[in-house]
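**Student:** For my numbering, add 70 to where a residue sits in the sequence shown, where the first one is 1.
I should point out that these hints are in silico values taken from the structure, not numbers from a laboratory. Take these hints with a grain of salt, some might be off.
Unchecked claim - Result set (DSSO-like, lysine-lysine): computed pairs, CA atoms no more than 27 Å apart in a straight line: (1) K73 to K125; (2) K103 to K227; (3) K207 to K164; (4) K354 to K274; (5) K371 to K358; (6) K197 to K164.
To be verified - Simulated DEER-style distance windows between Cβ atoms: (7) S429 to L326: 18 to 26 Å; (8) S175 to L367: 41 to 49 Å; (9) D339 to L367: 33 to 41 Å; (10) G165 to M71: 18 to 26 Å.
C-beta atoms are modelled at their ideal positions from N, C-alpha and C, and glycine is treated no differently.
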Amino acid sequence: MIKVSRPTKNGFVRLSIRVMCKGTEIRKSLGIKVHKSQLRRKIIVNHPYANELNKKIAEELFRVRELVCSLKAGVVSLEEVKGANKGIKKDLEKGLLEHIYNTKSASAYRLYTHSLNVYKRINRQNKLHFSTEAVNKLILNYEGSGSTVNTYVGAIKALNKEAYRLGLVKELIDVNRLHKIKKTLSQMKTVTPEEIIEKIRESKPEHYKYWVVFLFGLIGRGLYFTDILSFDIDSTIHNRNKTGVVMLYESNRELLRHLYSQIDIGDIDSTFRRKQTLHCLGLKVARKTFETTALGLGIDKTIRRQLLGHTAEGIERLYANMNDTKVKARLMSAYDSVLEELNVTELIAELDKIKAQFSEMPCNS
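I would like the entire structure built from these sequences, with the hints used as guidance.
**Tutor:** Below, the structure is given as structure tokens:
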């Protein structure tokens with residue numbers, strides 16, 4: 071009674087029930103699609119939902135047998151059997167989730183169901199309905215990170231496409247009309263000077279101390295917390311904590327002093343570091359931004375790596391002698407070029423504005 075369709079190109083088959091009664095074929099689709107390797111004598115094996123699917127097959131077989139017996143006994147007509155066998159048309163959500171349950175992995179099913187719940191909650195939908203406007207409402211109103219929103223939107227678009235393919239909806243979401251998903255601070259890996267200024271302006275005045283540390287890390291050529299804590303502002307050299315490579319600071323001394331004087335070294339603890347990435351851009355972003363800017367200016371790779379304090383073969387040979395005037399000139403020239411490209415004076419000016427706002431707050435007066 072169980073009918074297995076011919077395998078697709080990828081080896082998947084569909085299951086259905088077929089019986090003959092009074093010279094007429096009665097067929098019922100089970101809505102189950104599995105790989106041919108997951109069938110053993112028409113029993114589903116090696117499938118995350120094998121027990122549930124086999125139970126469903128048994129229940130549908132029993133139901134069809136009951137209908138056939140009723141037909142033979144003259145209790146119902148053939149038309150009534152076909153109508154009962156066809157069943158009631160499923161609504162969008164039920165039909166879609168049943169298909170996902172039968173064809174996707176357990177983790178995918180959990181993601182899709184959770185995404186649908188969030189989508190319906192944001193849009194206050196009792197009955198699922200796909201639309202471009204509803205997806206935009208999800209993008210604009212969900213209170214979560216950009217990556218989470220992006221995951222939900224991707225799942226909703228995939229479900230809409232699957233529903234369209236199954237004939238459950240008549241049109242697809244217009245992806246060209248969707249709002250851009252705004253990245254959160256924690257998602258940014260490298261930034262432009264304009265983006266830094268925008269983020270500083272959006273910050274609360276009390277968060278200026280985190281921006282001081284960020285800009286010091288940026289102007290200090292990608293310094294991390296361990297380097298900031300051990301940095302000697304009166305010295306023109308610094309041994310990078312991670313690699314031990316000597317980093318030269320003969321230029322831009324006033325910029326470094328201006329920022330360093332505003333940093334409370336004793337305040338930098340684990341709590342401060344955690345809040346740094348919540349309220350500001352992280353020091354990894356500062357380091358990557360400096361490196362990317364230097365790369366964009368076409369600065370030689372060896373010089374870039376020395377500026378950042380990398381350990382690399384050839385650096386020690388070429389730049390170990392910090393008393394060499396030509397070596398120092400090349401390094402400091404490249405350093406100046408990167409800071410000029412980053413518009414650091416404008417960045418510091420924006421920082422000074424929110425510092426002034428913080429100083430005027432009642433708690434500091």
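**Student:** So does G165 sit 18 to 26 Å from M71, Cβ to Cβ?
**Tutor:** holds (24 Å)
**Student:** Does the Cβ pair S175, L367 satisfy 41 to 49 Å?
**Tutor:** holds (46 Å)
**Student:** Tell me if the straight-line CA distance from K197 to K164 falls inside 27 Å.
**Tutor:** Roughly 10 Å separates the two Cα atoms, so the pair holds.
**Student:** Do S429 and L326 keep their Cβ atoms within the hinted range of 18 to 26 Å?
**Tutor:** Cβ of S429 to Cβ of L326: about 22 Å, so the range 18 to 26 Å holds.
**Student:** Can you confirm whether the C-alpha distance between K73 and K125 stays at or below 27 Å?
**Tutor:** holds (16 Å)
**Student:** Is the Cα-Cα distance between K103 and K227 27 Å or less?
**Tutor:** holds (22 Å)
**Student:** Starting from K207, check that the Cα of K164 is at most 27 Å away, please.
**Tutor:** This hinted pair holds, its Cα atoms lying about 23 Å apart.
**Student:** Against the 27 Å threshold, does the CA-CA distance of K371 and K358 hold or violate the hint?
**Tutor:** Distance of about 14 Å is within 27 Å: holds.
**Student:** For the range 33 to 41 Å, tell me whether the beta carbons of D339 and L367 fit it or not.
**Tutor:** holds (36 Å)
**Student:** Sort out whether K274 lies within 27 Å of K354, counting only the CA atoms.
**Tutor:** holds (22 Å)
The structure fails none of the hints (numbered hints given earlier).
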